[in-house]
Amino acid sequence: MRRLIHLTLLLVCVSLGLAAAPAAWAVQSDGVFIHPEVMDIGTFYSGEVVTVSGEVPNGQDVVIEIIGPAANDQFNIKGKVGPFWMTQGKAELDGAPAMYALLLPGGPQWLQKASAHGLGLENLKNSVKIQSTSIPADDLLEMFVKLKKDQGLYVEKGNAVTYEAADGGGRRFSAAYRFPRSTSAGRYSINATTFADGVKTRERTTLLTVKEVGFIRLVDNLATNRRLAYGVMAVAIALFTGAVMGLLFKGGGSH
Amino acid sequence: MPWYIYLPIAQHSVALPIVLGLGFIVGLLSGLFGVGGGFLMTPLLIMIGIPPTVAAASDSNQIVAASASGTYAHYRLGNVDFKMGIYLLIGGVIGGTGGVQIIRVLRQMGNADFLIMITYVVMLAFVGFYMFIESLQGLRAEKTVQKAAPAKSASIYSRLIQSLPFQTRFEKSGIVLSPVVPLFLGGLVGILAAIMGVGGGFIMVPVMVYLLRMPMHVVVGTSLFQVLFTCIDVTIMQAYSNRTVDFVLALLLLIGSTFGAQIGARLSTKLKEDQLKIFLALLVLAVMVKMLFGLVLPPHNLLSFHGGH
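Protein sequence lines, in the order shown, are assigned to chains A and B. For the first sequence, the residue numbers in my numbering are 4 to 258. For the second sequence, the residue numbers in my numbering are 18 to 326.
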């Protein structure tokens, strides 16, 4: 009887554990863990550090990619005519990630290794559809990457993955990346690629959800779903604020 | 107190003191000279990481507040000629609508952007230099007895506008003029403003001073009145058509700019007319030089996001 009670309690505990698990399971996929599980963009968001961790066998290394949601961007291309620089063409890039970070375990040689295995900004052209009216696609992509790097949205960072001994005998890896201030909402793919003696041995992927919350979400929804009302409201508030400021300053000056 | 705030449409987090400070500076210029400040604010917003399309549209939204505040301040000081403002506004709306069509045709023909930039630079240079030299002469002449004023009335332009029908008196400005003149000039400014993609305040002010011969203090208030309505229209259209108005950004800018506009309006009454013109001329020339450098110096990146002024 006592055994039966213990077994029942054990089953209840396991069931409760399973029921509570989905959130935790969602953040670790195939042994890769991320923290926080979900990143909220609220009114005072100014960037947030996301930590990626997991285990690898001894002697193996990990390269981590953080890939933002695919975007569609339109650009002007400048060219020189006589002494003047002017817009000479248009370009459209479809499918380039809004944000990209490559976190490497070592120095510049790792960038070459990762690139040879299809990782890094060098390989961006494989996933991007380019339409350009005046310059070759490769040149355009190079300019695009430069533009994104200037914005802090595309990063390749050496010595960004650290290791320590794991309990099970392998190595525990960890990498921290600060999401930039211009992060947008969406599903971010976090890939951990394992290398042994320069050969790719394993790929693991987990997803990070970045979402707008509170006032930011409210404004975004209004601007997207009720555009006219949003425009009128923006004007009304501007007029009201202008009038209030005018009244506040009343009597402060004269002819 | 948190120093950063996230902008939902720009999708970018900005430092509060910087945005409030930008708003204040541009509002000060707005109240001082009667210009909307769009030609100055948009590039500054782009510099702090705001996408160009969002910067331009949100700027229009904040100009609504700054110009409302400035118009109110000038109205209390008796510096708004509503009658003239309405005529200019009607002309501006008609001209602006036509200007949008013109720019569409120019873009189809190609190289429209170059034409716009060159028009911009030439106009700014002409207006800036003319205003600067004329004001400088005015300041010098003030020390001696003014004798040359009556000669102006005999010019061909003066005789032409005096010969137009429906002559009416504009009390606040103290001038008698046919409504055809402000309607026509408002239309021209509207076309230019639409082509250049700005509110047109900095073109309208010289037009009022030199072509409508309005007193400078009335010009500032009346220009703000006209800019107010132009920007209301632009804000609603941008929010509806392009979803580019960031209300949070505009709110922060307008808090700074409405303070600035009030202080600017007070400062404008303490300065002499020619001093005001010289400051505006210097501002116009500075923008012209910046644009000229943009045309001549190689850009940091040949690629730029589509949109903005």
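Simulated from the structure, these hints should not be mistaken for laboratory data. One or more hints might be untrue.
Computed list of lysine-lysine pairs in DSSO-like fashion (alpha-carbon distance at most 30 Å, straight line) [stated by the list, open to error]:
1. K160/A <-> K128/A
2. K214/A <-> K151/A
3. K93/A <-> K128/A
4. K307/B <-> K93/A
5. K203/A <-> K128/A
6. K83/A <-> K149/A
7. K149/A <-> K289/B
8. K152/A <-> K289/B
9. K151/A <-> K128/A
10. K203/A <-> K160/A
11. K151/A <-> K203/A
12. K83/A <-> K307/B
13. K116/A <-> K160/A
14. K307/B <-> K151/A
15. K160/A <-> K83/A
Against the structure, the hints:
Under the criterion of a C-alpha separation no larger than 30 Å, the hint pairing K160/A with K128/A is consistent with the structure, at around 20 Å. A threshold of 30 Å between alpha carbons decides the hint, and for K214/A with K151/A the separation of about 22 Å falls inside it, so the pair holds. Restraint check for K93/A and K128/A: the C-alpha separation of about 18 Å stays at or below 30 Å, so the hint holds. Using a Cα cut-off of 30 Å, the hinted pair K307/B and K93/A holds, with the two alpha carbons roughly 24 Å apart.
Between K203/A and K128/A the CA atoms are separated by roughly 21 Å; this keeps the pair inside 30 Å, and the hint holds. Between K83/A and K149/A the alpha-carbon distance is near 20 Å, which keeps this suggested pair within the 30 Å criterion. Annotation: proposed proximity of K149/A to K289/B is violated, straight-line Cα distance about 49 Å (limit 30 Å). Simply put, K152/A and K289/B have alpha-carbon atoms about 49 Å apart, too far for the 30 Å limit, and the pair is violated.
Proximity of K151/A to K128/A is assessed by CA-CA distance (about 14 Å); at most 30 Å being required, the pair is judged to hold. About 19 Å separates the Cα atoms of K203/A and K160/A, which keeps this hinted pair within 30 Å; it holds. As the CA atoms of K151/A and K203/A are separated by approximately 28 Å, the hinted pair is consistent with the 30 Å bound. Among the hinted pairs, K83/A with K307/B is consistent with the structure: their alpha-carbon atoms are about 18 Å apart, no more than 30 Å.
A distance of roughly 14 Å separates the Cα atoms of K116/A and K160/A; the hinted pair therefore holds under the 30 Å criterion. The straight-line distance between the Cα atoms of K307/B and K151/A is roughly 25 Å, inside the 30 Å bound, and the hint therefore holds. Restraint check for K160/A and K83/A: not satisfied, since their Cα atoms lie roughly 34 Å apart, outside the 30 Å limit.
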